[in-house]
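Participant: Residues per chain, in single letters:
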Amino acid sequence: MKTLFLFSLLFLISCSDDKFTRVETLKGFRILGIRATAKPEVSPLGAATLDLFVSDVDGGGRIINGTYEACIDPGISVGAEVNCDHDPSALTGASVINTTIPDLANNLFTGYTGSVSVTVPANIFLGRSDREKFNGVGYIVIFRFDVDGKTHTAFKRVVATNRGTFNSNPAGSTVYLNGAPLTTIPGKDDKLRISGTTPETYSYQNIDGSIETKSEDLEVGWFVSEGKLDQPKADYGDTVKYLDDTPTNLLLVAIVRDDRGGVEIVRFFQ
Amino acid sequence: MKIFLLILFSFPVFAQVSGTLIERGTRKILPEVNVFLLPQKLKATTDASGKFSFPEAVPGDCVLIVNLTGYQKYEKKNSCAGTDQVIYLEKVSYTGFETTVTGKVVKRDDQSHSLTQEEFIKTPGSFGGDPVRAAQNLPGVANNGANAQIIIQGASPDDTGYVINGHRVPLVFHFGGLSSVITPNAVERVDLLPSGYGPEYSRAIGGIVGLTTKAPKKDRFHGMAFVDLLNSGAMIEGPIDDKSSILVAGRYSYIGQVLKAVAKENEDFELTAAPSYYDFTTIYDRKLNEKNTLKATMVASKDQLELVLNKAANNDTDLRGNFFSSTEFFRVIPQINTEIDGNTKMENSLGLGHDSLFVDIGGRYLDVDSTVISQRSEIARTWNGKSKSYIGLDNYWQDSDVKVNLPNVYSVGGVNTPFSVGENRKFESKGSQTYLGAYLRQELKPTEESPWTFLPNVRVDHFTINKDTRFSPRFQTRYQVDPKLLLRGSWGQYVQTPQPQETSRLYGNKNIRSPYAWHYTLGFTKDFREDGSQGWELTNNYFYKDLKDLVYPDFQKNYANSGTGNIIGGEIQAKYRKNEWTSQFVYTYLKSRRHVPGYGTTPSEYDQTHNLNLIGAYNKERWTYSARFRYVTGNPYTPISGATFDADNDVYIPSRGRIYSQRFDSFNQLDIRIDRKYIFDEWILTAYLDILNIYNSRNSQNFEYSYDYTEKKKVRGLPILPTIGLKGEF
Chain A
1 MKTLFLFSLL FLISCSDDKF TRVETLKGFR ILGIRATAKP EVSPLGAATL DLFVSDVDGG
61 GRIINGTYEA CIDPGISVGA EVNCDHDPSA LTGASVINTT IPDLANNLFT GYTGSVSVTV
121 PANIFLGRSD REKFNGVGYI VIFRFDVDGK THTAFKRVVA TNRGTFNSNP AGSTVYLNGA
181 PLTTIPGKDD KLRISGTTPE TYSYQNIDGS IETKSEDLEV GWFVSEGKLD QPKADYGDTV
241 KYLDDTPTNL LLVAIVRDDR GGVEIVRFFQ
Chain B
1 MKIFLLILFS FPVFAQVSGT LIERGTRKIL PEVNVFLLPQ KLKATTDASG KFSFPEAVPG
61 DCVLIVNLTG YQKYEKKNSC AGTDQVIYLE KVSYTGFETT VTGKVVKRDD QSHSLTQEEF
121 IKTPGSFGGD PVRAAQNLPG VANNGANAQI IIQGASPDDT GYVINGHRVP LVFHFGGLSS
181 VITPNAVERV DLLPSGYGPE YSRAIGGIVG LTTKAPKKDR FHGMAFVDLL NSGAMIEGPI
241 DDKSSILVAG RYSYIGQVLK AVAKENEDFE LTAAPSYYDF TTIYDRKLNE KNTLKATMVA
301 SKDQLELVLN KAANNDTDLR GNFFSSTEFF RVIPQINTEI DGNTKMENSL GLGHDSLFVD
361 IGGRYLDVDS TVISQRSEIA RTWNGKSKSY IGLDNYWQDS DVKVNLPNVY SVGGVNTPFS
421 VGENRKFESK GSQTYLGAYL RQELKPTEES PWTFLPNVRV DHFTINKDTR FSPRFQTRYQ
481 VDPKLLLRGS WGQYVQTPQP QETSRLYGNK NIRSPYAWHY TLGFTKDFRE DGSQGWELTN
541 NYFYKDLKDL VYPDFQKNYA NSGTGNIIGG EIQAKYRKNE WTSQFVYTYL KSRRHVPGYG
601 TTPSEYDQTH NLNLIGAYNK ERWTYSARFR YVTGNPYTPI SGATFDADND VYIPSRGRIY
661 SQRFDSFNQL DIRIDRKYIF DEWILTAYLD ILNIYNSRNS QNFEYSYDYT EKKKVRGLPI
721 LPTIGLKGEF
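Chains as they are written, first to last, in my numbering: chain A, 1 to 270; chain B, 1 to 730.
Take the hints with a grain of salt, since some may be wrong.
Said to hold, decoys possible - Simulated crosslink set (DMTMM-like; lysine to aspartate or glutamate; CA at most 20 Å straight-line): (1) B:K557 x A:D208; (2) B:K510 x A:D208; (3) A:K150 x B:D708; (4) B:K712 x B:E682; (5) A:K19 x A:E226; (6) B:K557 x A:E132; (7) B:K403 x A:E212; (8) A:K133 x B:E423; (9) A:K214 x B:D61; (10) B:K430 x A:D58; (11) A:K19 x B:E711; (12) B:K557 x A:E226; (13) B:K403 x A:D208; (14) A:K228 x B:D708; (15) B:K76 x B:D61; (16) B:K243 x B:E306; (17) B:K43 x B:E56; (18) A:K27 x B:D708; (19) B:K426 x A:E132; (20) B:K426 x A:D130; (21) B:K557 x A:E81; (22) A:K27 x B:E711; (23) B:K426 x A:D259; (24) A:K19 x B:E704; (25) A:K27 x A:D58; (26) A:K228 x B:E339.
Unchecked claim - Derived CB-CB ranges, DEER-like: (27) B:F358 x A:G75: 25 to 35 Å; (28) A:Y176 x B:F703: 32 to 42 Å; (29) B:W452 x A:A80: 50 to 60 Å; (30) B:S400 x A:G93: 43 to 53 Å; (31) B:I694 x A:E212: 30 to 40 Å.
In short, the hints are calculated from the structure, not lab data. Note that the structure is a prediction, hence the values are computed from the model and not measured. In this text, a Cβ means the ideal position worked out from N, Cα and C, and glycines have one as well.
Can you build the whole structure from these sequences, using the hints too?
Facilitator: Set out below in structure tokens:
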């Protein structure tokens, strides 16, 4: 009780520092998201293709060679380090990011690239409880790229479940500027919003064994190549304000996450 | 008739000078004081009610004189005509809360440190005499910034137990650690039991902080009210009848209004309701009969905070939106003290109350409601000049209703996994926990004159939370070399219950054992004061704590008794008093180590090697100037060696470097306080200025990181913080 109360106090003093690079600012190389297709959830032995959504706005178009490592989740949600040291069956391979392809080169070197396909091992449920099998066991894929003297590491979980119905990536979102579909660069205090997709409902087994029907909690990460946003991380449908004057060019990215591995990315460049 | 008139006029006519002698401001009766009437050279002495009389005074010019040590000389002409006059005698010097009369602390444990109300009221940096803040100046107490918890001798915050009149309470500080949950004037003393303490307490391997409420005054009604920039409060106490008295005190903080004004300029969060705290204390004291006395204390405390996080705190997606926190508790503590005979005393008390904690973070919540009943009994029997025994019970029962919908947050080395990465845990549980304790304390001397006293003590505890029964031997000894030099030592086992989440059937480990520690202490107290009040007093202690079965998170079992540790150190407290000057030198040296599986042996989070407090006060007439300087070694911290982007949760997970392998800069701070008293006949007004961190030292005890942990900045602690206030008392 004492610790939790202390925890609550931290909010009072945890204000962000304007001198830091802002989370929404696209600058240099960065992995913004990883989408699993066809679905982020599979059965054991199911396959998924992982597409990296990267931004390399200052890179000028280049090929970046990296590696990936895939293994059963060591328990990241309960504190384990993100690595595959625990799993002798871990797979390794190469991932190549190419920002010279037109789709990226025409959008300030930002878009999908570096695809990797993985198959979830058959033994992923070994030793797992019924609850874990139902809610899903993660098969993690860790990507590493050395860019401009800095190592970038990102990972994604492909979730194996016996629930029967699998999560789909959100789809159908549109970004709106002051209530109309985004077609021009926003200016100071203009309001951005994203909508169009419908959250899925799914079954979740609680720790006490009860099955709860939950609705996805969609969240949006907003990114801009110029200027600032008042809420770079927001709920789906929330209004986000652009805080600076209209720039000459702007790359805007909105990444919708459904809180269980599904991703939809909307990109705008002008 | 002529004869009668002749007789009448043959005798002098007397003036009947009489009155009452009272201390100015405090209205304290001054008995047994000589009052002189000049030039008639008459002398009268005040009685128990302060009254004096000169029945033989003759009308005419005369001077009434009172010349009492410690008081300004009273001299008044033409007073021979007055009867029932009230003379207010003004003290040369007024200190602290003058209407408070506090006795000398009766310490049962030589290892303990205690502060009376008179002492903590005057402590600089204590925000107007807060007892718990003042206790942070005592040896062995770590500097903990604005944290509301008390860290004792390098232990973990959860290893400290808090009690009011011996009964457990969840906290003694309001949030931010600014003030204790009881109005200072209602507190008789604060005790710190750091190590090697007696068998009366358990369930805290680090130490105990105890507040003891005072008995309300019976002489007349007294009152106090104060107002300053952070809070205001009032207290009234006095007799109800010839057998009973009552005290009522309350305090309300408007610190939230200050924070709200600050928050207006901040785009990161909005305060939807100003944070607030308040507390309320009532004490009722009644002499039931010749043998039994009742003292009932009621304490209620509430802290509340509500805000909207516009931006995700720490760039953690789930840490944003509405945030609400409420912590409240109350206790009713009736105590009956019985004097069975001249050698036997019995104390019985109950603690009845309710604890409540509610935290809501964007729809995720923790809601805990607990009904608490605690019970203490003790019989103390003096057998003869060589032997005294105490037998006691210390029981605690708690029935809790817990509702949780929160992710698991893994934390080792002070580095947490982000909130949004943790596995969400949603459940409701109801259940009760019972902690049973019984103890035997013996004080034995070989002979009545022997300088040796041996205290072979034992305590037995049973905890239903993990079905654990522990037998804890504790041994203390003291050697009185001479009346002014005491040597002492102690050794014993101290056990505490695991945290509720650690034994949870859902997320914990039902096989978790109770962490425990062996304490070893040696020390002495030397009183160099010649006349009992002026000069030096020196206390020196050395301690070693061997910590066992410490609980740490475990990937496989959720939690395991996989940690050990030790704490070794020494502390010195030197008090000096000379006329208007009082000063203290308090220094603690310690090394606190933990062995965490997978991380090796590391310093503990609160391994503050050097902890120095220099306290001084100068009291002259109506002015008191006091200052406190603190120097503390910087806390260890775990460096972040990198971070991995979690693409599913849009957050970076930090990688720990070597646990607690680096330190923050040392902490130093100077606080000053100036009090000015205005003495009126029947009340006292005090104006005070309290300035924390007067030279605005840029102390930091935390880092702030950029979203991907590639940039970091030290988070400053408390900047210069002046507080002004007024306090009136009668």
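Participant: Does each hint hold? Answer for all of them.
Facilitator: For each hint, the structure was consulted:
| no. | hint | verdict |
| --- | --- | --- |
| 1 | B:K557 x A:D208 | 17 Å, holds |
| 2 | B:K510 x A:D208 | 15 Å, holds |
| 3 | A:K150 x B:D708 | 12 Å, holds |
| 4 | B:K712 x B:E682 | 58 Å, violated |
| 5 | A:K19 x A:E226 | 16 Å, holds |
| 6 | B:K557 x A:E132 | 15 Å, holds |
| 7 | B:K403 x A:E212 | 16 Å, holds |
| 8 | A:K133 x B:E423 | 15 Å, holds |
| 9 | A:K214 x B:D61 | 97 Å, violated |
| 10 | B:K430 x A:D58 | 57 Å, violated |
| 11 | A:K19 x B:E711 | 10 Å, holds |
| 12 | B:K557 x A:E226 | 48 Å, violated |
| 13 | B:K403 x A:D208 | 12 Å, holds |
| 14 | A:K228 x B:D708 | 17 Å, holds |
| 15 | B:K76 x B:D61 | 11 Å, holds |
| 16 | B:K243 x B:E306 | 46 Å, violated |
| 17 | B:K43 x B:E56 | 10 Å, holds |
| 18 | A:K27 x B:D708 | 13 Å, holds |
| 19 | B:K426 x A:E132 | 15 Å, holds |
| 20 | B:K426 x A:D130 | 17 Å, holds |
| 21 | B:K557 x A:E81 | 16 Å, holds |
| 22 | A:K27 x B:E711 | 15 Å, holds |
| 23 | B:K426 x A:D259 | 16 Å, holds |
| 24 | A:K19 x B:E704 | 11 Å, holds |
| 25 | A:K27 x A:D58 | 7 Å, holds |
| 26 | A:K228 x B:E339 | 74 Å, violated |
| 27 | B:F358 x A:G75: 25 to 35 Å | 30 Å, holds |
| 28 | A:Y176 x B:F703: 32 to 42 Å | 38 Å, holds |
| 29 | B:W452 x A:A80: 50 to 60 Å | 56 Å, holds |
| 30 | B:S400 x A:G93: 43 to 53 Å | 51 Å, holds |
| 31 | B:I694 x A:E212: 30 to 40 Å | 56 Å, violated |
In summary, the numbered hints that this structure violates are 4, 9, 10, 12, 16, 26, 31.
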